[in-house]
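Asks: Assemble the complex: chain A is given as a structure, and chain B must be docked to it using the hints.
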Amino acid sequence: MPDPRPRDDPAATPALSIEGISHSYGTRRALIDVSFAVAPASFTALLGLNGAGKSTLFALITRLFGTQAGRIGIFGHDISRAPGEALRLLGVVFQSRTLDLDLSVTQNLLYHAALHGIAKREARLRSDEVLTRIALADRAGSKVRDLSGGQMRRLEIARALLHRPRLLLLDEATVGLDVKARADILGHVRQLVIEQDIGVLWATHLFDEIVPGDDLVVLHQGRVLAHGPVEDIIADAGARDINSAFMRLTGAAVDSGSPAS
Amino acid sequence: MSSTTVSRHHSGFSLAQYVTCLNGIVWREALRFVHQRERFVSALVRPLVWLFIFAAGFRQVLGISIIPPYETYILYEVYIAPGLMAMIQLFNGMQSSLSMVYDREMGNMRTLLVSPLPRWYLLFCKLVAGTAVSLLQVYAFLLIAWFWDIAPPPIGYLTVLPALIVSGLMLGALGMLISSGIKQLENFAGVMNFVIFPMFFASSALYPLWRVQEGSPLLYYVCLFNPFTHAVELIRFALYGQMNWISLAVVVCCTTAFMIGAIYAYDPSRGLVRRGPAGGEA
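Protein chains in written order, with my numbering: chain A, 1 to 261; chain B, 1 to 282.
Rather than coming from a laboratory, the hints here were simulated on the basis of the structure. We put the CB at the ideal spot given by N, CA and C, even for glycine. Careful, some of the hints might be misleading.
What the hints assert, rightly or not - Sample of chain A residues at the chain B side, in silico, Cβ under 7 Å:
#1 Thr62
#2 Leu64
#3 Ala82
#4 Gly84
#5 Leu87
#6 Arg88
#7 Phe94
#8 Arg97
#9 Thr98
#10 Asp100
#11 Asp102
#12 Tyr111
#13 Ala114
#14 Gly251
For reference, chain A alone in the conformation it holds in the complex (with noise of 0.2 Å):
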């Protein structure tokens, strides 16, 4: 049985483990042996159709579903035996959108903050703080429902941030955003893995937001079928770019048949 206390070396704990992580819906098997890691102050893209399992697998590190097989830890906390530990230093956006449209902006956060146990004071400096960050201090008043579809998405990743998490979880956070929104809340998280040493694991089906430097792991049809930098999966798949790598490789899956059909 994996211990679920903390692993004494910090430097050498991944923010984020998975190991061995399967799920089924009955009998539609969601995700299969799935395992890989997240390195502390590091920007990892999950890379994955619609369909491949991410979200799924976004429910299962956020304790919403119960793990069937496998582990789960951040930072070394079993997120099935030490929930509590694992999840104050997980900061999540949802692929759908969580914000309480008819609540203001404040509200939202300091809501968020109270189901962290931040007391009132602190919580208000602290969204004072984020919404300074995020450029969003002039619409503090307002009902979330008045914001555009980039400002909400701002707001979500300021209100994941709020209680000082040090891994980030962004399930397709740019769906539906216009090509300047994508790319300033694309550029936002990759700051705050520079400036705030957070590991980042960014569920995306976009291959254009994936960038040389950046580890990647590719899931398809509930399988890891690659994980390492960009650059080692393109080489490895023998191909130009990460476009067609993830063409080679989830075409070489589909060949060998397809497990979550």
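Replies: Just chain B, lined up with the frame of chain A:
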């Protein structure tokens, strides 16, 4: 990340953090309630229609004999007032569970469930928040009812408060348990037909149980075993400064059972695990 922050991550939660969380959830529920004025109005209109129209119409038909806690003959409106107070809480409990289903479909529920505090505590906070909202509704109803000559002893307004809290918790916990089994918002109409109406009509809210027994012994036993009957009786006695111990015991036991069921159902390794991801996600 500062070292102090990291070290704090290895400790448990303080009492102050638990209280902060509770305050936050109650505050959010109150804000939502304030923003949804139509919810407040409809919560009041429903029992008032029963009081002003139904009770007035049936006043001559349904005579009430002297039964505890009443010490004299009473008007029918006075008899059904506690039942209508419980009805407000019943609807509020189901409304809260409706909002949980809505939150889950819209994704807001995830914000709550990914909090690092224990899940049972988060659900308990939701329950307390829903009960607090129901108290506001009940006291607003009592205020209007006072103008309709439904005036319990002044101390009754105070002694009924603990009873309302306990019954509100029970009905909220029931709603929470039901919400865990509803996969889509559309299915909630079934709750109205299969939970709210049977619970309300098969209870002592509208007629005393001795009258039911005269008409149908079977229905009498159904009413007797209906937890809602005991919520009504608990409120009825408390409104007149008395305690119905049997009803209290039933309501407390049911609250505990429903809450345990809801916690079990919302446990990620059990109830939620059987569901797929939210629509459009995989």
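Asks: State for each hint whether it applies.
Replies: Hints, verified against the model:
For the restraint placing A/Thr62 at the interface with chain B, the shortest Cβ-Cβ distance is roughly 5 Å, inside the 7 Å limit, so the hint holds. The beta carbon of A/Leu64 is positioned within 7 Å of a beta carbon in chain B (closest approach about 6 Å), and the interface hint is therefore held. Among the interface hints, the one on A/Ala82 is violated; its C-beta lies about 10 Å from the nearest C-beta in chain B, farther than the 7 Å criterion. Interface hint status for A/Gly84: upheld, as the beta-carbon distance to the closest one in chain B is roughly 5 Å, under 7 Å.
Checking A/Leu87 against chain B by beta carbon gives a least distance of about 4 Å; that is within 7 Å, so the hint holds. Because the beta carbon of A/Arg88 sits about 4 Å from the nearest beta carbon in chain B, less than 7 Å, this interface hint is met. Using the Cβ-Cβ criterion of 7 Å, the hint placing A/Phe94 at the interface with chain B is satisfied: the shortest such distance is roughly 6 Å. The criterion of a C-beta within 7 Å of any C-beta in chain B is met by A/Arg97, whose closest approach is roughly 6 Å, and the hint holds.
Given hint, A/Thr98 at the interface with chain B, holds; its Cβ is 4 Å from that chain's nearest Cβ, closer than 7 Å. At a threshold of 7 Å, the smallest CB-CB gap from A/Asp100 to chain B is about 6 Å, leaving the interface hint in force. Residue-level restraint check for A/Asp102 holds (minimum Cβ-Cβ distance to chain B is 5 Å; threshold 7 Å). A distance limit of 7 Å between C-beta atoms decides the matter here; for A/Tyr111 the minimum to chain B is near 5 Å, and the interface restraint holds.
Given hint, A/Ala114 at the interface with chain B, holds; its Cβ is 2 Å from that chain's nearest Cβ, closer than 7 Å. Interface hint status for A/Gly251: violated, as the beta-carbon distance to the closest one in chain B is roughly 20 Å, over 7 Å.
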